[in-house]
Amino acid sequence: MTAKPLTLAQKLIAKACGREVVNPSEIVIARVDLAMVHDSGGPRRVKPILDRLGRKVWDRARVVVITDHLVPAADDQSRAIQTLTRDWVASEGIDAFHDQMGICHVVLPEQGHLKPGMFVVGGDSHSPTGGAFGAYMFGIGATEMAGVLATGEIWLKVPETILIEWIGRLSEMVSAKDMMLRLCGELGLDGGKYQAVEYAGSAISALSMQERMTLANMTAELGGQVGLVAPDNITADYLHERGIDAGDTGQWRTDADAPVMARHTFDAGSLEPQVAAPHSPANAGPVGNYESIPVDVAYIGACTGAKLEDLRMAASVLRKGRLAPNVKLMVAPASRHDQKTAAEEGIMSVFENAGAEILPNACGICAGYGSSRLGENIRCISTTARNFRGRMGAASSSVYLASPYTVAASAIAGRIADPREFGGSM
Amino acid sequence: MVMSARIWKFGDDIDTDVLAPGRYMTAPIATLAAHCLENVRPEFAASVKQGDIVAAGANFGAGSSREQAVEALKYLGVVAIVAKSFAGIFYRNAINLGLPVLECAEADLLADGSMASLDIGSGKLQIAGHAEPVECTPIPDFLMAIIADGGLVTHLEKRFAGETAS
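Going line by line, the protein sequences match chains A and B.
Quick note: the first sequence, position 107, residue 107 per the working numbering, numbers continuous.
Quick note: the second sequence, position 60, residue 60 per the working numbering, numbers continuous.
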């Protein structure tokens, strides 16, 4: 008897349900291996609910708390939330507390909390980032998180899988961000239909873990529940560096003949740098369509755009020119750890020498927080994931999304620019 | 049948940043709600009345997991949202906060400003002046049970009380 062919998503959910097989569309109750919360949607909102239910967290070893949204605390309300967060962590006896270390989606794997086969929920919409590690990870709101913390379980409708295959190999100065902007443009913000999106193909296998994280992260913009990449040696190596045994990664892949809802194939080799114009990531097209547009601000930040590798990409371009007059460059490295490594590699000096303002390791203006929010009519090019109207500041401001290469090139040019103008490798 | 609900009609991809703008996220819900949807429809928060219905196109609630996007609409008196489709996290948040969300393939037929009456159980939306009701997809029983309890917290309170009793 041959086993029924299954998708990676089905295998991960079946494990969390303690079953051999789960079928698309059935509603199941899964046991949660790990729950991550941050300061904005975390203790401040779950504590009152847990108090009302008369419950503590179901397993303090399975809860990770990370402060990143209201960091650094800019006003009394934010300070009160940070204090509440620290007090709650202490009262619950939670050891995994990463306070002001960086953005949760980057810090979680960096601190070794993720591995293939896990079933994880995060109190943030970019939680699909964890799918880069072959974990079933998705975002939920605070009330639902309180339910998970009280019970250790969550319901879900077993998704279909949308398989997105990238064949060939990315050109120089083209990155995972460009892949995702292209997908948003092609499939739309609801192209993921709240199903499991799985990325595969030779161009995906060639991506580093942080690039896979960018890919999985922006599954949120595609409207998928999760964005999965089957774990492999690159995954195992990343985990090994953090002292974690990835286990048998070979079991976590979609069987060749498993039925999928849709399969889309894209050629990585012909992909050009992409830009998404205001006010939607789906407004994407090749950078050439936008090249005459002047910019006031270039922002290198966020979980999807300021990890170590993103900083390396931006610096490789900034080394080749000077910041245009009248352009303000802001860099908010995604984690303290990545900033430290970037400093050791000389990358932070590249930004400083270019006249960049270095901002804290936090969500910052990507989530509409902090004092650097965009003013009236400001035009910004940004490595972030979302450019909804008013998200990063004034409703009259406009945000163009692009890769770290393209944002750096635009900072030099003073207008949206193709990074390939600055050609050659780093 | 009393048609007491005014329909407020929006387009596709209404996102959580316009529903609950980031800059007001640390403020009390009354303040946040006053800015709900102001970037796409400035008069909405001040004009919407208790019992009204929000209708929209595809992917309503795209973006963030912030459930204040649901909370703000509830606070302003919205009793149901009818849309072609919903973003996944928003949909879950609405159920968890006890706000009925109904998918409706015919959402294009709903005109802004029309008066209507919604039967949440059957998903039938009767619009004043229409002969036939617009059919929405009924909410699955599993989720209706949470809404019927007023949201997940009360639902869990009942469950825990049951566990203690048994």
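Check before you lean on any hint, since a few could be wrong.
As the list claims (entries may be wrong) - Derived SDA-like pairs: lysine to any residue, alpha-carbon spacing no greater than 20 Å straight-line: (1) 47/A with 86/A; (2) 158/B with 188/A; (3) 47/A with 154/B; (4) 157/A with 157/B; (5) 158/B with 153/A; (6) 158/B with 157/A; (7) 56/A with 161/B; (8) 56/A with 120/B; (9) 157/A with 160/B; (10) 157/A with 91/B; (11) 157/A with 74/B; (12) 47/A with 138/B; (13) 56/A with 98/B; (14) 47/A with 142/B; (15) 158/B with 53/A; (16) 84/B with 152/A; (17) 74/B with 49/A; (18) 47/A with 157/B; (19) 158/B with 86/A.
To be verified - Over 12 Å on every C-beta distance to chain A, these chain B residues come out as not near it, computed from the model: (20) 70; (21) 106; (22) 148; (23) 165.
Please keep in mind that the hints were generated in silico from the structure rather than gathered at the bench.
Here the structure is a predicted model, which is why all the values come from computation and not from measurement.
Yeah, the Cβ is synthetic: ideal placement off N, Cα and C, and Gly gets one too.
Quick rundown of the hints versus the structure:
For a cut-off of 20 Å, the pair hint linking residue 47/A to residue 86/A stands: about 12 Å separates their Cα positions. With a C-alpha separation of about 40 Å, the suggested pair residue 158/B and residue 188/A falls outside the 20 Å cut-off, and the hint is violated. At most 20 Å may separate the alpha-carbon atoms for a hinted pair to count; residue 47/A and residue 154/B meet this at roughly 15 Å. Proposed proximity of residue 157/A and residue 157/B is contradicted: the alpha carbons are some 23 Å apart, above 20 Å.
Distance hint between residue 158/B and residue 153/A is fulfilled; the C-alpha atoms sit about 17 Å from each other, no more than 20 Å. Restraint check for residue 158/B and residue 157/A: the C-alpha separation of about 23 Å exceeds 20 Å, so the hint is violated. Distance check on the hinted pair: residue 56/A and residue 161/B sit about 16 Å apart at the alpha-carbon level, within 20 Å; holds. At roughly 35 Å between alpha-carbon atoms, residue 56/A and residue 120/B are farther apart than 20 Å, so this suggested pair is violated.
For the given pair, residue 157/A sits about 23 Å from residue 160/B by alpha-carbon distance, which is inconsistent with the 20 Å threshold. A threshold of 20 Å between alpha carbons decides the hint, and for residue 157/A with residue 91/B the separation of about 13 Å falls inside it, so the pair holds. Under the criterion of a C-alpha separation no larger than 20 Å, the hint pairing residue 157/A with residue 74/B is inconsistent with the structure, at around 25 Å. With a CA separation close to 33 Å, the supplied pair residue 47/A and residue 138/B exceeds the 20 Å bound.
Distance check on the hinted pair: residue 56/A and residue 98/B sit about 23 Å apart at the alpha-carbon level, beyond 20 Å; violated. Distance restraint check for residue 47/A and residue 142/B: the Cα-Cα separation of roughly 26 Å exceeds the 20 Å cut-off, and the hinted pair is therefore not satisfied. At roughly 10 Å between alpha-carbon atoms, residue 158/B and residue 53/A fall within 20 Å of each other, so this suggested pair holds. At roughly 32 Å between alpha-carbon atoms, residue 84/B and residue 152/A are farther apart than 20 Å, so this suggested pair is violated.
Using a Cα cut-off of 20 Å, the hinted pair residue 74/B and residue 49/A holds, with the two alpha carbons roughly 18 Å apart. Restraint check for residue 47/A and residue 157/B: the C-alpha separation of about 15 Å stays at or below 20 Å, so the hint holds. This hinted pair does not check out: residue 158/B and residue 86/A have alpha carbons roughly 30 Å apart, beyond 20 Å. A Cβ of chain A approaches the Cβ of residue 70/B within 12 Å, the least distance being about 8 Å, so the stated non-interface status is violated.
Every CB of chain A lies more than 12 Å from the CB of residue 106/B, the least distance being 18 Å, so the non-interface label holds. Look at residue 148/B: its CB is around 16 Å from the nearest CB on chain A, clear of 12 Å, so calling it non-interface holds up. The claim that residue 165/B is not at the interface with chain A holds, since no C-beta of that chain comes within 12 Å of its own (minimum 15 Å).
When the structure is compared with the earlier hints, violations turn up for hints 2, 4, 6, 8, 9, 11, 12, 13, 14, 16, 19, 20 and for no others.
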